[in-house]
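Based on these hints, arrange chain B on the given structure of chain A.
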Amino acid sequence: MVAPGLAEIFYYLGFIVVATLVPIIALFLIVTPRDAKPSPMKLETYEAGQMPSGRGRTRFIIQYYPYLLIFVIYDVVAMFLFAWALTLRTLQPPGSGTWPILIFMGVLLVPLAYSIHLASQRDLW
Amino acid sequence: MTSPLFFKVAVFPGLTSIGIIIALFIWLDRKITARVQLRVGPLYASPLGGVLQSFADLIKFAFKELFIPRNADKFFFVAAPVLALIGGAGLVGLIPFTPEWQISNLELGLPAFLAFVTLSPMLILLAGWSANSKYPFIGGLRSLFQQTAYEIPLWLSAIGVVMMAGTMNLIGIVQAQSKPWVIFLGLSIPGWYIIPQALGALLFFITATAEMERIPFDLPEAEPEIIMGWQAEYPGFLFMSAAGASFVRLYAFSALFSVLYLGGWMGPAPVPALLWTAIKIIIVSSLIILLRATFPRVRIDQLLRAGWTYLLGLAFLNIVITYLLVVGPRI
Numbered sequence: 001m002v003a004p005g006l007a008e009i010f011y012y013l014g015f016i017v018v019a020t021l022v023p024i025i026a027l028f029l030i031v032t033p034r035d036a037k038p039s040p041m042k043l044e045t046y047e048a049g050q051m052p053s054g055r056g057r058t059r060f061i062i063q064y065y066p067y068l069l070i071f072v073i074y075d076v077v078a079m080f081l082f083a084w085a086l087t088l089r090t091l092q093p094p095g096s097g098t099w100p101i102l103i104f105m106g107v108l109l110v111p112l113a114y115s116i117h118l119a120s121q122r123d124l125w
Numbered sequence: 126m127t128s129p130l131f132f133k134v135a136v137f138p139g140l141t142s143i144g145i146i147i148a149l150f151i152w153l154d155r156k157i158t159a160r161v162q163l164r165v166g167p168l169y170a171s172p173l174g175g176v177l178q179s180f181a182d183l184i185k186f187a188f189k190e191l192f193i194p195r196n197a198d199k200f201f202f203v204a205a206p207v208l209a210l211i212g213g214a215g216l217v218g219l220i221p222f223t224p225e226w227q228i229s230n231l232e233l234g235l236p237a238f239l240a241f242v243t244l245s246p247m248l249i250l251l252a253g254w255s256a257n258s259k260y261p262f263i264g265g266l267r268s269l270f271q272q273t274a275y276e277i278p279l280w281l282s283a284i285g286v287v288m289m290a291g292t293m294n295l296i297g298i299v300q301a302q303s304k305p306w307v308i309f310l311g312l313s314i315p316g317w318y319i320i321p322q323a324l325g326a327l328l329f330f331i332t333a334t335a336e337m338e339r340i341p342f343d344l345p346e347a348e349p350e351i352i353m354g355w356q357a358e359y360p361g362f363l364f365m366s367a368a369g370a371s372f373v374r375l376y377a378f379s380a381l382f383s384v385l386y387l388g389g390w391m392g393p394a395p396v397p398a399l400l401w402t403a404i405k406i407i408i409v410s411s412l413i414i415l416l417r418a419t420f421p422r423v424r425i426d427q428l429l430r431a432g433w434t435y436l437l438g439l440a441f442l443n444i445v446i447t448y449l450l451v452v453g454p455r456i
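Protein chains in written order, with the working numbering: chain A, 1 to 125; chain B, 126 to 456.
No lab work stands behind these hints: they were computed from the structure. Where a beta carbon is used, it is the ideal one built from N, C-alpha and C, also for glycine. Among these hints, one or two may not hold up.
The list that follows gives simulated cross-link-like pairs (lysine-lysine, DSSO-like), each with its CA atoms no further than 27 Å apart [claimed, not checked]:
(1) Lys304(B) x Lys42(A)
(2) Lys189(B) x Lys42(A)
(3) Lys156(B) x Lys37(A)
(4) Lys199(B) x Lys156(B)
Which residues of chain B face chain A? A few of them, derived with a C-beta cut under 8 Å, are [claimed, not checked]:
(5) Leu183
(6) Ala187
(7) Thr434
Isolated chain A (complex conformation):
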């Protein structure tokens, strides 16, 4: 006998396993009875009708890199806010968790505003 919450997690994992098996079996059923006729032209990558030239994984502009950096840092904030939001109704006295979260957000949001300001300045990047 397992706890009800744990059983639900097992149901979910079971569903994922079944959902994984179905497309894989479908893929094998589709691939096996086929006679493939590969040709060199067919196996080239698409480049708007031209013969592909150069590397496929080209160099790319890292123009939006600052946003990626901010994202890595601030994505975790949402998780802390979820924990606070969950206890908002049950906390006694009501609203007693607000000052800590306000200080926490204040500490995090001031650097966030500054980094967004910096991210918009193209010359820096």
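Relative to chain A, chain B alone:
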């Protein structure tokens, strides 16, 4: 083998129904877009205005030759769209269509859903990288940048619902919306969160559309710019998986929106609960499809800028409004 759980996994909220509903959604998408643009859309595949067109397309795709580009990383090239399809099915497994018709009632249903969603840009980047071609690679990178723009506003707009309901369980969230509000003279309206959470619902709608990568936010695909982007190299069945995955996410997000903001399966009694869920899902998904038919595509720098300034700011404003509604003006 005919236990309710097996039926649920295999048939109704589970795999068979997901396949059929996705085919119907693809038909709805084509039909609505056609009507907006004064075309007819699919017409001949059945007496009912071409409902069976998607099924015909499915058979056609299944019989296409599967060829993989010469320089591609074969394993990940095949795995990425299939994993995207599985990830979409995993989202549907968390949705309560009614209290009985749900595969898995996780206590942390809402964060589990949102966490599962974050996998899809990774898979798109994987698909773009493994194809070893220019357009898919650009599409994959765009997907990565786009994620940074919508991800945090998406989570923060969902926090408003958790603050109102006091639970992250999706069934609990629907049950918290069951009490109607009396305005005056005994006149009452349903207590759905679309009213106190109007701003949050709008933000969730916008960011969910960005997550699904549908127009106006379909930068990773962008047919006129980068020729279907990350899907450019996919043949036959794999293209069907890649394109179908976005429709599975459309289905899952419409269902989640109706659960979070539109009272899920609740509605006046004579109509069965499951039918209410279906009606709400169809309304929300039709709205998302209408966006596709009417809006132009945003530029990626505009999206990033708007995501980090307007959307994030409005999401924090929504949290403040919700705090005033729940706790009142005191700290």
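Quick rundown of the hints versus the structure:
1. Lys304(B) x Lys42(A): violated, 61 Å
2. Lys189(B) x Lys42(A): Holds, at roughly 13 Å.
3. Lys156(B) x Lys37(A): With a Cα-Cα distance of about 36 Å, the restraint between Lys156(B) and Lys37(A) is violated, given a limit of 27 Å.
4. Lys199(B) x Lys156(B): Since the Cα atoms of Lys199(B) and Lys156(B) sit roughly 35 Å apart, the hinted pair is violated (cutoff 27 Å).
5. Leu183: This interface hint is violated because 11 Å lies over the 8 Å limit.
6. Ala187: Result: holds, 6 Å to nearest chain A Cβ.
7. Thr434: This hint holds: Thr434(B) lies near chain A, its Cβ roughly 7 Å from the closest one there, short of 8 Å.
Violation of the numbered hints given earlier is confined to hints 1, 3, 4 and 5; the remaining hints are satisfied by the structure.
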